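Make the full structure from the sequences, and use the hints.
If you read the sequences in order, they're chains Y and V. Taken in order, the first sequence gives residues 45 to 223; the numbers are from the working numbering. Taken in order, the second sequence gives residues 2 to 277; the numbers are from the working numbering.
Take the hints with a grain of salt, since some may be wrong.
Claimed, not checked - Some residues of chain Y that are not near chain V, with every Cβ distance over 10 Å (derived):
hint: 1; residue: Ala46
hint: 2; residue: Glu58
hint: 3; residue: Gln85
hint: 4; residue: Gly89
hint: 5; residue: Leu90
hint: 6; residue: His91
hint: 7; residue: Ala103
hint: 8; residue: Asp113
hint: 9; residue: Glu115
hint: 10; residue: Glu132
hint: 11; residue: Ser192
hint: 12; residue: Glu208
Claimed, not checked - To give an idea of the chain Y side of the interface with chain V (calculated C-beta under 10 Å), a few residues:
hint: 13; residue: Phe55
hint: 14; residue: Glu61
hint: 15; residue: Gln62
hint: 16; residue: Leu64
hint: 17; residue: Asn77
hint: 18; residue: Ala99
hint: 19; residue: Met159
hint: 20; residue: Met160
Since the hints were derived computationally from the structure, they do not count as laboratory data. Computed from a predicted model, the values in this text were never measured in an experiment. Glycine included, each C-beta is placed from N, C-alpha and C at the ideal position.
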Amino acid sequence: MAKPLRKSGLFSAEVDEQTLIYDATNNRTHCLNPQALKVWQLCNGLHSRDDMVLALRTAGHDVATQPGDAEDLVDAALGRFTELEMLETGTLMTRRDFGKAALKGLAAGLVLSVMMPTRAMAASGLTCEDYKDPITCVGFGCSWMDGSCETPSTGPLCSDLEEEQCNAATDCIWVGVCI
Amino acid sequence: MQASHIARLSAFGAVVEITSPDRETLEQCTATLPGYWLKAGDRRPDVCFNITKPTHEQEGERHFLFQENGIPLEFTINGTQAQHLLAKRVDYLLGAYARDCAFLHAGIVVHEGRAILIPGLSHVGKSTLTAALVQSGAHYVSDDIAVIDRSGRAYILNRASNLREDVAEIFDLPSSAHTECLHEGTLPVKAIMLLNYHKSQKSLELSPLSKGETVLRLIANSMNGRHQPETVIHCCGAAVRQAICCEGVRGEAKTVAPLILSHINDKENIDGESTA
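Below, the structure is given as structure tokens:
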């Protein structure tokens, strides 16, 4: 793997100890926890994966107090950055690089991610079943149950309504279909 | 070519242009829009609506064609339908084209001078919970849209209540009245409650949510996130900083509304004491 480099043109903002990063190329917003942020800051094209592990250990970060911790953290974070296309092409981790850390279940909690919805999506153009990760699922008001996203049983979506019902519903509008 | 009358209106940075064949129709249509739509001057419109010349009359009633950006949305509708459709479309598109603020799918009430947000999409129970909170002592602002400015404060919009009639009836609230107790302006956000309804849930189960994750959840419910991503992130980030952020599962709205208000108060007291 080449030395990881952050994709250019990302917008970032801090909220408490977490960092939000918006990627306009795929309309996703990511939320990095403080551990992921430490790895992210080292993704400047100057550090290899081993350099990062060493840097975390040398700096004595609380995230890397055990011998294997820094290694797992770096692998998990880089894997997640790769999965979410946050790194420049050519510096991406292979699935094999990422596998070990991912299996330990570290990656998902480091970086949460959600797609910036279109107006139509926000107005329920998609169904709950279309969302494949718990954050997006719950964020859209659906229920995450046993690894899949389900529609809450409180009523129909706009897209379920016929013209008359659609026009009567305050949140829906009929444009040939109900949205 | 027929003469046209044009109104260009702006709200929250979004600009719409409405073209009508006669002044009377134009005035009737624009009069139905909420008061925050103001004259826009020469700014370039985001969306153009065209209510074209009546094609025919049926028993003295005029009919129109209704186009949005040149695309026909409805053919041969009467004047009232045109007004209704315009109001709906303008409201719908305002969320997408608004600038310098975040438009969110959220119920919003005011309690003790600060706003409580209930984010969620259509038909997930926002209206019901909003109505139940109002019945428990909060003031109604909206059960569908919350607007947050760059300092994280929620706009108190003087919009007519849109409560569904069935919901309003259950809670004995007016379904289409303007909010009377609140002045237009902005208020800080006191709490953001991301709640899922489950039939089997008897009461309320809450757990704290990190500020960053709360922003993600708000973003997932944003209407103008695609058009104004950085602004929406900024506004939501500012809103969560001072707010109590929770997620959870709730039972029936009537049961949980008082519990929500008391949880927020308790949390606020605890936070206040620890700050002091």
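Results for each hint:
Listed as outside the interface, Ala46(Y) is consistent with that label: its C-beta sits roughly 29 Å from the nearest C-beta of chain V, beyond the 10 Å cut-off. Listed as outside the interface, Glu58(Y) is inconsistent with that label: its C-beta sits roughly 8 Å from the nearest C-beta of chain V, within the 10 Å cut-off. Listed as a non-interface residue, Gln85(Y) keeps its Cβ farther than 10 Å from every Cβ of chain V; the least gap is roughly 16 Å. Distance to chain V confirms Gly89(Y) as a non-interface residue, since its nearest Cβ pair spans about 24 Å, more than 10 Å.
Listed as outside the interface, Leu90(Y) is consistent with that label: its C-beta sits roughly 27 Å from the nearest C-beta of chain V, beyond the 10 Å cut-off. The non-interface label for His91(Y) is consistent with chain V: the shortest C-beta to C-beta separation is roughly 25 Å, beyond 10 Å. The beta carbon of Ala103(Y) sits about 23 Å from the closest Cβ of chain V, which is more than 10 Å, so the claim that it is off the interface holds. Every Cβ of chain V is farther than 10 Å from the Cβ of Asp113(Y); the closest lies at roughly 21 Å, confirming the non-interface assignment.
Once the 10 Å rule is applied to beta carbons, Glu115(Y) is consistent with being away from chain V; the minimum gap is 25 Å. With 10 Å as the threshold on Cβ separation, the claim that Glu132(Y) sits away from chain V holds: the shortest Cβ distance comes to roughly 21 Å. In this structure Ser192(Y) is separated from chain V by more than 10 Å, as the shortest Cβ-Cβ distance comes to about 15 Å. Interface exclusion of Glu208(Y) from chain V stands, the closest Cβ pair being 13 Å apart, more than 10 Å.
A cut of 10 Å between beta carbons decides the hint on Phe55(Y): the least distance to chain V is about 5 Å, and the hint holds. Here the hint on Glu61(Y) is kept, as its CB sits about 8 Å from the closest CB of chain V, short of 10 Å. Taken as an interface hint, Gln62(Y) checks out: its beta carbon lies about 3 Å from the nearest beta carbon of chain V, inside 10 Å. A cut of 10 Å between beta carbons decides the hint on Leu64(Y): the least distance to chain V is about 6 Å, and the hint holds.
Because the smallest distance between the Cβ of Asn77(Y) and any Cβ of chain V comes to about 8 Å, under 10 Å, the interface hint for this residue holds. Using the Cβ-Cβ criterion of 10 Å, the hint placing Ala99(Y) at the interface with chain V is not satisfied: the shortest such distance is roughly 24 Å. With a cut of 10 Å, the hint placing Met159(Y) at the interface with chain V holds, because the nearest CB-to-CB distance is about 8 Å. This hint holds: Met160(Y) has a C-beta 4 Å from the nearest C-beta of chain V, less than the 10 Å allowed.
Checked against the numbered hints above, the structure violates hints 2 and 18; every other hint is satisfied.
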